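Chains as they are written, first to last, in UniProt numbering: chain A, 1 to 330; chain B, 1 to 330.
Incorrect hints may have been included.
[What the hints assert, rightly or not] From the derived model, a few chain A residues whose C-beta atoms are all more than 12 Å from chain B:
(1) Y15
(2) Q83
(3) R146
(4) Q183
[Stated by the list, open to error] Label-pair ranges, simulated between beta-carbon atoms:
(5) B:P75 to A:E284: 32 to 42 Å
(6) B:E138 to A:E140: 51 to 61 Å
(7) A:Q321 to B:S13: 41 to 51 Å
(8) A:E138 to B:S78: 25 to 35 Å
(9) B:G251 to A:E205: 49 to 59 Å
(10) B:K28 to A:L201: 39 to 49 Å
(11) A:I236 to B:P30: 23 to 33 Å
(12) A:E205 to B:V226: 48 to 58 Å
(13) A:K141 to B:P30: 23 to 33 Å
(14) A:K28 to B:Q323: 21 to 31 Å
Source of the hints: derived by calculation from the structure; they are not laboratory data. These numbers were taken from a predicted model, which means no experiment stands behind them. The beta-carbon is built from N, C-alpha and C at its ideal position, and this holds for glycine as well.
Protein chains: 2
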Amino acid sequence: MTFIHNRKEDLISDYLAGLMAAYPHLAKHPQLPLVYDKNRNQTQVPILAGGGSGHEPAHMGFVGRGMLTAAIYGPIFSPPTTQDIYQAIRFLDQGKGVFVIVKNFEADVNNFRQAISQAKSDGHQVKYILSHDDISIEPEKNFQIRGRGLAGTIILHKILGQLAGQGADLDQLEQTGFQLATQIATIGFATKPASRPRAALPLFELAAETISYGIGIHGEDGYRTVPFEQSEKLAIEVINKLKLHFHWKKGQSFLLLVNNLGTTTDLEMGIFLNDLQQLLEIEELDIPLIKMGKFMTSLDMTGISVTLCRLSDPTWLPHLQAQTDAFAWS
Amino acid sequence: MTFIHNRKEDLISDYLAGLMAAYPHLAKHPQLPLVYDKNRNQTQVPILAGGGSGHEPAHMGFVGRGMLTAAIYGPIFSPPTTQDIYQAIRFLDQGKGVFVIVKNFEADVNNFRQAISQAKSDGHQVKYILSHDDISIEPEKNFQIRGRGLAGTIILHKILGQLAGQGADLDQLEQTGFQLATQIATIGFATKPASRPRAALPLFELAAETISYGIGIHGEDGYRTVPFEQSEKLAIEVINKLKLHFHWKKGQSFLLLVNNLGTTTDLEMGIFLNDLQQLLEIEELDIPLIKMGKFMTSLDMTGISVTLCRLSDPTWLPHLQAQTDAFAWS
Chain A
1 MTFIHNRKED
11 LISDYLAGLM
21 AAYPHLAKHP
31 QLPLVYDKNR
41 NQTQVPILAG
51 GGSGHEPAHM
61 GFVGRGMLTA
71 AIYGPIFSPP
81 TTQDIYQAIR
91 FLDQGKGVFV
101 IVKNFEADVN
111 NFRQAISQAK
121 SDGHQVKYIL
131 SHDDISIEPE
141 KNFQIRGRGL
151 AGTIILHKIL
161 GQLAGQGADL
171 DQLEQTGFQL
181 ATQIATIGFA
191 TKPASRPRAA
201 LPLFELAAET
211 ISYGIGIHGE
221 DGYRTVPFEQ
231 SEKLAIEVIN
241 KLKLHFHWKK
251 GQSFLLLVNN
261 LGTTTDLEMG
271 IFLNDLQQLL
281 EIEELDIPLI
291 KMGKFMTSLD
301 MTGISVTLCR
311 LSDPTWLPHL
321 QAQTDAFAWS
Chain B
1 MTFIHNRKED
11 LISDYLAGLM
21 AAYPHLAKHP
31 QLPLVYDKNR
41 NQTQVPILAG
51 GGSGHEPAHM
61 GFVGRGMLTA
71 AIYGPIFSPP
81 TTQDIYQAIR
91 FLDQGKGVFV
101 IVKNFEADVN
111 NFRQAISQAK
121 SDGHQVKYIL
131 SHDDISIEPE
141 KNFQIRGRGL
151 AGTIILHKIL
161 GQLAGQGADL
171 DQLEQTGFQL
181 ATQIATIGFA
191 TKPASRPRAA
201 LPLFELAAET
211 ISYGIGIHGE
221 DGYRTVPFEQ
231 SEKLAIEVIN
241 KLKLHFHWKK
251 GQSFLLLVNN
261 LGTTTDLEMG
271 IFLNDLQQLL
281 EIEELDIPLI
291 KMGKFMTSLD
301 MTGISVTLCR
311 LSDPTWLPHL
321 QAQTDAFAWS
């Protein structure tokens with residue numbers, strides 16, 4: 001596979017330079033691996049999120065008015081260091097504290113927690129929320145739910161970003177974050193594994209014309225591999241898992257977010273969405289908003305993840321629909 | 001390769017049903033392969049474009065207030081029939097005529113010209129513009145410029161769509177169309193050829209770690225195949241070809257549109273944009289607007305096309321920046 005790049009060690013900085021040319025509201029911190037919104041409102045609680053690279057447009061694509069104040073990044077599939085996160089919190093805190101959104105992966109959680117604890121002992125007010133939308137299972141561990149932070153994380157970015165922009169304080173953000181995180185569930189599948197740029201081998205094995213359900217976003221294998229039959233079968237598996245999770249009732253309102261995990265074609269995305277939509281109609285759910293596109297990818301993996309967010313608070317839908325400068329949401 | 005779909009004969013209708021769920025302003029004509037804007041202004045000249053499928057999000061993603069009134073589609077890589085185009089013109093004409101944007105491919109031009117001529121002999125007022133932004137060459141035909149309609153076509157959709165919405169008549173649209181079409185140039189490359197869904201073989205041959213310059217969007221091979229070296233080399237080739245074409249002068253203003261031909265990762269897109277941007281800075285061009293994303297793809301081809309549009313009329317930039325409901329522009 002040809003991966004278009006220059007020096008391997010410049011992958012992320014070159015990408016970022018390209019983004020800053022296309023989206024002039026983005027700025028890079030001179031020392032830190034941190035992208036922030038030039039036009040940020042200095043009187044609001046800043047929202048920081050981030051993690052490893054390789055998930056583009058996450059997280060830089062969600063920086064902008066009405067979403068993230070800043071995104072911190074690490075190398076491909078590795079979280080930013082504790083020290084960098086700590087310095088980012090110090091940079092962002094203008095007296096109102098900092099709210100942090102962390103994806104539930106062990107390495108991320110360790111680094112973010114340590115950084116937050118260090119910043120707190122310096123006197124910074126910091127609160128955070130763990131995003132754990134993944135409902136796929138570990139078949140070898142008594143079918144334990146994996147609870148990783150996947151594309152559903154972006155819903156936290158949008159709603160908490162909008163709230164912060166409207167003046168919510170740290171406690172209000174934490175409270176909504178807790179409530180919201182329990183209402184988001186994601187499950188996906190891959191038809192082709194990701195490869196690290198210039199790596200000889202893909203990150204997991206997947207035979208031609210097979211599907212892996214419940215894959216992660218760092219090359220983690222899924223819980224089940226089956227031959228591909230048709231799009232509708234994929235949609236049935238996904239909706240069944242989501243139904244088991246939510247125990248939904250007819251008429252309940254959900255946001256549907258259909259995420260391209262990297263190199264799925266738009267044609268496939270639309271075909272699969274149609275199957276989802278038909279199944280959700282049979283369930284008699286109310287789906288007032290559908291977002292389809294690239295939100296959280298895994299390099300060149302081909303596949304789709306499906307996120308539902310139960311709109312159990314009537315203010316969430318307008319927050320999701322509100323304008324933002326973040327280029328990857330609109 | 002696994003292609004996510006149900007019945008092969010339903011590829012386009014299933015995709016379209018998915019789009020209509022996500023984007024409620026889109027409607028399908030009951031008989032014709034035609035998607036139109038439900039909220040279209042019936043007092044303006046309607047703008048019709050289209051062509052074969054397999055280029056998603058083109059052209060349905062450009063239907064909406066401020067861009068296309070309707071998009072007509074054929075099967076994958078084949079134009080709509082003369083009869084369908086003719087019926088679409090009849091459907092759209094509410095007394096102000098119809099303006100049509102046609103990509104310069106022989107089969108497309110034949111069908112659209114015949115349909116337009118048939119509609120005219122029925123008394124419909126119809127004008128059209130050929131989009132011919134491709135500046136790649138036929139090495140076996142005295143280096144003749146191919147002049148196919150590629151991603152630059154989308155710039156015609158945006159500016160003429162905006163003008164029509166502001167009340168421009170058929171003559172004004174034709175005049176701007178002629179002027180604009182000469183100011184748009186596109187050149188691209190592929191790192192992986194497209195495959196037809198479920199086809200055994202890709203549409204052209206491309207060895208691992210090689211690049212093909214000047215590919216088309218229907219599986220047409222490029223004018224030169226070279227080993228991949230680095231992103232910057234690709235950018236130099238592309239900018240050199242564009243410079244030869246435009247004979248630009250320092251300080252001239254251009255729109256830069258960087259188009260993902262299908263399955264290029266966002267990381268690669270940003271890295272390549274950074275290289276383009278640096279070369280354009282050396283040329284001392286003024287680039288007040290950069291659009292990056294999927295505009296006109298070729299199924300699962302991996303590669304990028306670069307379009308420059310010289311903003312020789314000062315009204316074009318605000319037309320390009322104006323809001324639109326079309327989901328694939330914003």
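Hints, verified against the model:
Against the 12 Å criterion, Y15 of chain A falls within the reach of chain B, whose nearest CB is about 4 Å from its own CB. For Q83 of chain A, the condition that its CB be more than 12 Å from all CB atoms of chain B holds, with the nearest at approximately 25 Å. Once the 12 Å rule is applied to beta carbons, R146 of chain A is consistent with being away from chain B; the minimum gap is 23 Å. Separation of Q183 of chain A from chain B is adequate, the least Cβ-Cβ distance of about 21 Å exceeding the 12 Å criterion.
Checked against the hint of 32 to 42 Å, the pair P75 of chain B and E284 of chain A passes, with Cβ atoms roughly 35 Å apart. Between E138 of chain B and E140 of chain A the beta carbon distance is about 58 Å. The supplied range of 51 to 61 Å therefore holds. Evaluation of the 41 to 51 Å hint for Q321 of chain A and S13 of chain B yields a failure: the beta carbon distance comes to about 29 Å. Restraint check, E138 of chain A to S78 of chain B: a C-beta distance of roughly 47 Å breaks the suggested window 25 to 35 Å.
For G251 of chain B and E205 of chain A, the Cβ-Cβ distance of about 54 Å falls inside the hinted range of 49 to 59 Å, so the restraint holds. Between K28 of chain B and L201 of chain A the C-beta distance comes to about 44 Å, which sits within the given range of 39 to 49 Å. A hinted range of 23 to 33 Å holds for the C-beta pair I236 of chain A and P30 of chain B, which are about 29 Å apart. The hinted window of 48 to 58 Å between E205 of chain A and V226 of chain B is violated, with their beta carbons roughly 32 Å apart.
The hint said 23 to 33 Å for the Cβ distance between K141 of chain A and P30 of chain B, and at roughly 53 Å that hint is violated. The given range of 21 to 31 Å is respected by K28 of chain A and Q323 of chain B, whose C-beta atoms sit roughly 28 Å from each other.
Violated hints, listed in ascending order, are 1, 7, 8, 12, 13; each of the other numbered hints is respected by the structure.
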